[in-house]
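Engineer: Each chain, letter by letter, is given below.
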Amino acid sequence: MSDPLFAHGVGLAVILIVLVKVVVAFAALLVCTMLMVWFERKVISDMQNRIGPNRAGPYGLLQSLADGTKLFFKEDLLPEKADRFVFRLAPLLAVIPAFLIFAVVPVGGVVTIAHHVVELQVADPPMGILYLLALSSVAVYGVMLAGWSSGSKYPLLGSVRASAQMISYEAALGLTVVTVVLESHSLSTRAIIQSQSHHFWQWNVLRLGIVPFAIFMIASTAEMNRPPFDLAEGESELGGGFNTEYSSLRFALFYLAEFMNTITMSAVAVTLFFGGPDGPGFHVVRWLWPILWFLGKTVAFCYVQVWIRASLPRMRYDQLMDLGWKRLIPLSLGWLLVVAGFIVSVAWGAALFGAGVLAAVLLYQSIRVGRRRRESLAAAMAAAAVPRPRPGGNRQGPVDLRPLAGTGKVGT
Amino acid sequence: MTGSTGVLGALAAHLLGAGGLVLPHLNYSTILPELILLGGMLVILAASALSPRPLPTEVYATATVGLGIASLIASLVLWRDVTSHGAFTAIARSIDVDGFAVFFLVVVSCILIVAPMFAAGYLRREGITGCEYYVLALISGSGAMFMASANDLILIFLGLEILSIPLYVLAGLDHRREASGEAAMKYFVLGAFSSAIFVYGIALTYGATGSTNLAEIGAFLSRNVITSNGVLLGGLALLLVGFAFKVAAVPFHMWTPDVYQGAPTPATGFMAAMAKAGGFAALLRVFVSTFPTLRTSWQPVVWVLAILTLVLGAVVAIVQNDVKRMLAYSSINHAGFVLLGLEAATARGIAGSLYYVFVYSLLVLGSFAVVAAVGGNGDADHDISRYRGLGRRRPVLAVGFAILLLAQAGAPFTTGFFSKFYVVEAAVAAHSYALAVIAMGSAGVAAFFYLRVVFVMFSDVGIAGASDVSRGGGEIARAGAVAAEVREQDATLLGGAGASAVATLVAPAYVAAPELAPEGTPSEPEVSVSPWVTTGLVLCVGATLVFGIWPQPLVDFAHQATLIF
Amino acid sequence: MGGATVVAAATVPDALTFAIAAVICVGGAFGVVLMRSPVHAALSLVATLFGIAVLFVEEDAQFLAAVQVIVYTGAIVVLFLFVIMLLGVDRKERVLADVFKGQRVVALVLGLMVLAEVVLLGRSRWTTGAHSATGSLEGSGSNVAKLGRALFTAYLVPFEVTSALLIVAVVGAVVLARRPDHRPVEPIEEVEVPLVPGPDDDPFGAVGTDEDAGGSTAPDETASTVPEHASSEPEHEPAEVPST
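Chains as they are written, first to last, in our numbering: chain X, 1 to 412; chain H, 413 to 977; chain B, 978 to 1221.
Quick caveat, the hints were computed from the structure, so don't treat them as lab data. Incorrect hints may appear among the rest.
[To be verified] Derived contacts from chain B toward chain X, CB cut-off under 8 Å, selection only: (1) T988; (2) V989; (3) A992; (4) L993; (5) A1043; (6) V1044; (7) T1050; (8) V1055; (9) F1057; (10) M1062; (11) S1119; (12) T1139.
[Said to hold, decoys possible] Mimicking SDA-like on lysine to any residue, the simulated pairs with C-alpha atoms at most 25 Å apart in a straight line are: (13) K1123(B) - A123(X); (14) K326(X) - R537(H); (15) K598(H) - K1123(B); (16) K326(X) - V941(H); (17) K81(X) - V1148(B); (18) K21(X) - S45(X); (19) K326(X) - V1009(B); (20) K1123(B) - K21(X); (21) K598(H) - F1136(B).
All values reported here derive from a predicted model rather than from experimental measurement. C-beta atoms are modelled at their ideal positions from N, C-alpha and C, and glycine is treated no differently.
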């Protein structure tokens, strides 16, 4: 299970190999991000019957570079009311997790370099997939602190929305990851791709039923604050959202983090559900084919992300929370039980499926009952909107919990 | 893989591989009372969510009483098992099934049978609908049961949390009164803090002994000679702090008066009964059965705790004019008496403590139920002046309350007398004479403030004024205490018997005269008692009198519980 | 990376990692206490928690490290920050102001006593004379698998009972947060705490919807120069949050 690279002690060669892996991954991810920006703009303009960037470089390929250079040389504004330290820290907290998540993604098979067996991924910790969840939960900080430290209204609202959303969808995300772990018997990403290698019908997307994959896609889109879940930066309501006050390089970092997350999450989806680098290979340059397969699948996913962005309108905030808490979390939990049941035996799986359906009926019935009761109560209150003398007389007024109620509404 | 391990076991075995994984046998019958409560709670919750219109509170109360009876029956079945097969541990040795555990299962079941009756009347009066009170009470009860039957420190901690969190919420159940929210907040913050201390204690104990399982800790300590046990003692100290907070022993009692006063009154009664039952169950088990080898280390600490608790609870209660707050301090005083049995650390002492906890739970539930009824709509005013002339207006209620208060004071022919008698006797038998004397003294002091309420109820004259009362009260109490103590020293030498009874008979003579002055126009609040509350009170008072006159069955039960464990 | 090899190879890099993580932990802990702004204090707490996660990795407890970050950093401190930001309590605190008289002195003395005890305990031998008496997680297999095995054997009951704890947490939170639905909400003008008596003090202020509660939580500027919320409805702000 552990990394074969360290099997024979840690020598200079091993350290060099690790360093090279880190540097290559870092550089490749940066370049890919720039290409991703271009890709997204191009695809969207194509879908909207526009041409898109076409000036800098062939097909506008260097447009992102030009934009980056421009941002780099712009004036670096620091709002007067900003919390200086946190304001500077926040962009870093956004971008670093985006880089780090990629470290556990296996981009290819295994190669042998100077008698050392090297896995084509930066690291393969035994709790790999938890590492992913951990970092995606750290990513909340970047958004949250950026909005708060700006010392301004709309960024704060944007960041509160964003962090509530990210926390809410993390639960569903985690539960779908658990189904994958159940099926693969391991938390290590390498073991997860190995467990679904050789045949495409062993890919988790099929083995687990489509549901966990679908939930994962929705939840990860929400995690990234991408459309249709980009309430954090709803331009019409909040200006630019949490990063309104940012400019220059710091803004570029947020931008970078967003697109890097798109790539990373696509890569993670490929790893978890589509066999990672698995695919038919040929006998020439055997190490290359898995990498190509991985890249191809990832690009396909990136395209899907762009497609979603181009076609779906933004959700309303309460719809977003309803979807997360009342639909995705119960569904992923129920599916987890069903998967667990089927792993043990078909009978158990069927029984748990039945139980899940029953539970769903109960849940939706109770939600319906609650809504109806609330409506009738509202009607009663409207009818009795006359101040009445308090019966006891000696009691104090109710504790005003409205600020807290507000918190609940936002969805903690 | 047996069938009873179910899908979870099968899954675990499947995922973790063969690797020598032996799944523990799940003997559900050993945790049946807990399961009944939790399952019933879920059913109630689902029913309340699914019913198209809010169900009346009495429906939930009935269901809760039913579940309490069911768990009582399950506990008694366990008792039969224990008496026929002896004590045993179950489910990976996490659950202890012994007389001690079953005794507390019975206590908790009884609390759960009585408490909903008091709550139903109150919630109906205050217009609080919904199943929350009952659901929280049931979960809390299951937590107390887990604490009682746990054989593992982690499980004790979980039980402690399952017990406490509903109590925090119950304290804040009344959204209308600010005091209720404040009580919840206070209890929650301090409770969470004490839980953290408790967990730290578990961590240190684990570090020192290599296990969280009480049996294994005991075995480890009996096998190994300890050269330097600083870590273990640190762990023990922190565990003791955690427990002392839960049972409100001085100096960890600061939350008690405010929380008891702020919480809705039936919730206060429930809180007092349940927290003490669960807290003392785990406290006694951990300290007496697991760390007997360290007795010389913890006994002095408990000694000091007991004295502080006894004295402070009694003395501060005297100056209270708010009956609810007075009962809060008196509950601290009672905790001191239970600690007496722990300090003795003998089978006799444990039996005394068990008996005391059982008796006290019913007494405190009943007392707070009367307080709730007299407090009237709004549950805010519990001044002693409200009780003026209660004996004339509601003679039966007043007599019932008087019996409960006298029992708490330790009057003869009530269970309270025997409970005090047994713990003091155990203390004397363990040669803790000073402690016994102080306990009797505090009982004498306590008799004063209970009797004050009784006198107010049955005399048609009012109270002069709050400040006079407290001033005069203090002096009288001191006099009473001295008098009681003098008598009790003799009594202690004779064997510690019945002295608090003497105090009860003596104290009134001091109490009556100066504090009561005629007053012209008493405004007499209406007191209404629902049939539910009446039923509950009849149960409480009945138990107090029946077992006070015929104490043998309950005493035998407590004794047997310690013999088997 | 079996446990044995790691223990054997406890060398300079390990010591260095430990030292750095320890410095982060302790520094963060000091930051929590000393920082004036609650947000900075919360961030210091994050630093401490991260340091602890690193220490877990160092001890070959990767699962715990990940869970530490997910649970504490990702959920708990985020909620802290959430509340700090939403309730607008992110004003700078006057650290030197003594809320209770003499509290600081007592705290200092007690803290020093605890420190002394910890040092003494650390110096003295452990009960068995060994470094630690624990050993139930030793054996073959990865850290995660061993943890799973322990959960499903020795700690099966505690593990299952945790579900009851989760249920009570949910029920409790709902009960406390929910507005009572049994009576129409009464106006709050009888509250004895003197609120800011706005000229437009609406007696129906309490009959608000959640949406306007959201409005009242408009961001509070970080600057300490702003004495009160510059935002809407005066009756929303003051001391309804019990300050314990």
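Engineer: The structure should be examined with respect to each hint, and the outcome stated for every one.
Structural biologist: Results for each hint:
Violation of the interface hint for T988(B) is found here, the shortest Cβ-Cβ separation to chain X being roughly 10 Å, above the 8 Å cut-off. Because the beta carbon of V989(B) sits about 12 Å from the nearest beta carbon in chain X, more than 8 Å, this interface hint is broken. For the restraint placing A992(B) at the interface with chain X, the shortest Cβ-Cβ distance is roughly 15 Å, beyond the 8 Å limit, so the hint is violated. A cut of 8 Å between beta carbons decides the hint on L993(B): the least distance to chain X is about 14 Å, and the hint is violated.
Here the hint on A1043(B) is kept, as its CB sits about 4 Å from the closest CB of chain X, short of 8 Å. The interface hint given for V1044(B) holds, since its Cβ lies 7 Å from the closest Cβ of chain X, which is under the 8 Å cut-off. At about 6 Å, the closest approach between the beta carbon of T1050(B) and any beta carbon in chain X falls short of 8 Å, and the interface hint on this residue holds. This hint holds: V1055(B) has a C-beta 5 Å from the nearest C-beta of chain X, less than the 8 Å allowed.
Because the beta carbon of F1057(B) sits about 11 Å from the nearest beta carbon in chain X, more than 8 Å, this interface hint is broken. Given hint, M1062(B) at the interface with chain X, holds; its Cβ is 5 Å from that chain's nearest Cβ, closer than 8 Å. Hint on S1119(B) holds. Least Cβ distance to chain X is approximately 5 Å, under the 8 Å limit. Below 8 Å, beta-carbon pairs count as interface contacts, and T1139(B) has none with chain X, the closest being about 16 Å; its hint is therefore violated.
This hinted pair checks out: K1123(B) and A123(X) have alpha carbons roughly 22 Å apart, not beyond 25 Å. Only pairs whose Cα atoms come within 25 Å are accepted, and K326(X) paired with R537(H) is rejected, the gap being roughly 35 Å. Straight-line distance between C-alpha atoms of K598(H) and K1123(B) comes to about 40 Å, which puts the hinted pair past the 25 Å bound. A hinted pair counts as satisfied when its Cα atoms are at most 25 Å apart, and K326(X) with V941(H) does not qualify at roughly 43 Å.
At most 25 Å may separate the alpha-carbon atoms for a hinted pair to count; K81(X) and V1148(B) exceed this at roughly 40 Å. With a C-alpha separation of about 35 Å, the suggested pair K21(X) and S45(X) falls outside the 25 Å cut-off, and the hint is violated. Among the hinted pairs, K326(X) with V1009(B) is inconsistent with the structure: their alpha-carbon atoms are about 36 Å apart, more than 25 Å. Straight-line distance between C-alpha atoms of K1123(B) and K21(X) comes to about 31 Å, which puts the hinted pair past the 25 Å bound.
With a CA separation close to 29 Å, the supplied pair K598(H) and F1136(B) exceeds the 25 Å bound.
The structure fails to meet hints 1, 2, 3, 4, 9, 12, 14, 15, 16, 17, 18, 19, 20 and 21 from the earlier list, while all remaining hints are met.
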